[in-house]
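Enquirer: Below, each chain spelled out in residue letters.
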Amino acid sequence: MLNVGKIEEGFVLDHIQAGKSMDIYEHLGLDKMDCTVAIIKNARSKIMGKKDILKVECDIETLDLDVLAFIDHNITINVIKNGEIVEKRVLSLPKEVKNVIRCHNPRCITSIEQGLPHIFVLADEEKEIYRCKYCEEKYSGK
Amino acid sequence: MRHLMSPLDFSTEELDRLFDLAARIEADPAHFAHACEGKILATCFYEPSTRTRLSFESAMTRLGGRVIGFSDANSSSAAKGESVSDTIRVISCYADICAMRHPKEGAPMVAASRSLIPVINAGDGGHQHPTQTLTDLMTIRSLHGSLGGYTIGLCGDLKFGRTVHSLINALSRYDDIRFVFISPQELRVPDYVMEMLREKNIPYEETIRLEDVIADLDMLYMTRVQKERFFNEEDYVRLKDFYILDKNKLGLAKEDLIVLHPLPRVNEISVEVDEDPRAAYFKQAQYGVYVRMALILTLLEIEV
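As given, the protein sequences belong to chains A and B, one line each in that order.
Every letter in the first sequence is one number past the one before it in my numbering, and letter 112, counting from 1, is 172.
Every letter in the second sequence is one number past the one before it in my numbering, and letter 66, counting from 1, is 134.
Hints in this document: simulated from the structure, not taken from any laboratory.
Listed next, the stretches of chain B that the computed footprint assigns to chain A, with coverage defined by at least 3 CB atoms under 8 Å from CB atoms of chain A:
(1) 147–153
(2) 164–176
(3) 193–205
Going by beta-carbon spacing under 10 Å, a handful of chain A positions derived as facing chain B:
(4) 165
(5) 169
(6) 172
(7) 173
(8) 174
(9) 175
(10) 192
(11) 193
(12) 194
(13) 195
(14) 197
(15) 198
Beta carbons are placed, not taken as given, at the ideal position from N, Cα and C, and that holds for glycine.
Make the full structure from the sequences, and use the hints.
Expert: And the structure:
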């Protein structure tokens with residue numbers, strides 16, 4: 061059993077789908093942050109079988125929660141202060157994600173119009189389908 | 069200020085009002101001949117579409133307004149690399165309303181988000197062509213008497229044909245409609261469209277041969293197999309003549325069938341069918357002008 065020490069202040073992202081932790085690491089921009097990050101892959105989980113965990117020592121407000129919910133809304137966020145969990149946050153799918161993913165439809169206006177934000181809208185919550193706001197192409201990169 | 073991006077932007081009640089207005093225009097065009105005097109329509113066509121552009125120009129001219137614009141990207145500032153956002157800001161200073169055709173999907177929506185004047189989507193790539201759908205609905209309502217209560221067959225390219233997808237979406241809001249999709253396997257209606265129909269409990273069937281179902285239809289919507297939608301010439305040549313409506317096939321149909329087509333036709337309807345009273349596609353083009361006149365008046369909030 062691998063042991064990773066407690067963090068004093070920051071967050072623990074738990075119940076990440078196994079293998080997705082590096083995606084989240086990149087989407088959150090953790091590679092650009094000067095803070096301690098522990099990435100635990102394929103940890104044993106009673107519920108999920110296997111899961112990934114991310115531990116980050118930083119201010120929780122620096123996180124873009126919408127991005128996190130879009131990537132995997134089953135993730136739980138444990139907010140840590142003084143080495144203790146002070147809050148558990150459950151994510152829900154954002155209605156809209158801006159500049160997180162890009163539309164890959166070559167016929168979409170986003171492919172030529174400069175400065176246009178890439179916006180995806182939640183079209184079907186049950187099936188977790190997002191569509192480009194402009195061309196309505198389904199996002200299939202998840 | 070309102071724009072028109074998709075046929076679903078208007079509620080069915082709003083569409084009823086629009087079609088009532090179009091019917092008033094049809095009954096008494098002279099009454100509306102000066103309704104848009106002093107107003108300017110900009111037709112910003114980044115790709116050629118003579119029919120749609122002329123229909124808009126005819127509509128504005130018949131309302132007493134004037135028209136400015138361009139008919140392909142090479143004769144506009146887009147050729148110099150100007151963005152849609154910048155173009156519409158400038159056009160907003162020159163005109164009172166804009167009809168935009170663009171090969172990129174969502175371009176009119178970008179324009180609408182920056183525009184100071186109403187923007188009408190006059191076709192954006194394979195995405196939406198709402199004024200064609202309004203034309204189709206207006207024609208059905210005028211010739212059938214209502215927008216519900218019939219079996220409609222859609223024939224030809226049901227995969228890439230945006231007019232077909234828009235029409236199915238628009239008709240799915242009306243009662244007692246049954247769809248029959250007639251297409252080769254390669255050009256079937258996309259799954260998501262059929263899924264939408266299943267969710268709404270709207271009956272539909274798929275078939276390959278037009279002859280097998282034509283007798284059941286109250287309406288037949290023919291479409292062109294568009295060369296530009298194919299990646300290779302061979303597929304196009306193999307499929308383009310798959311479904312041709314001729315006198316023999318029409319002989320199997322009901323006496324009061326209504327045959328529609330968004331035009332231009334290539335050879336999917338034989339010219340011999342044109343003289344048949346069931347052929348309604350040229351009337352459809354006429355309704356396209358009335359409905360665009362009604363749309364211009366509605367978006368400019370001009371009451372006559």
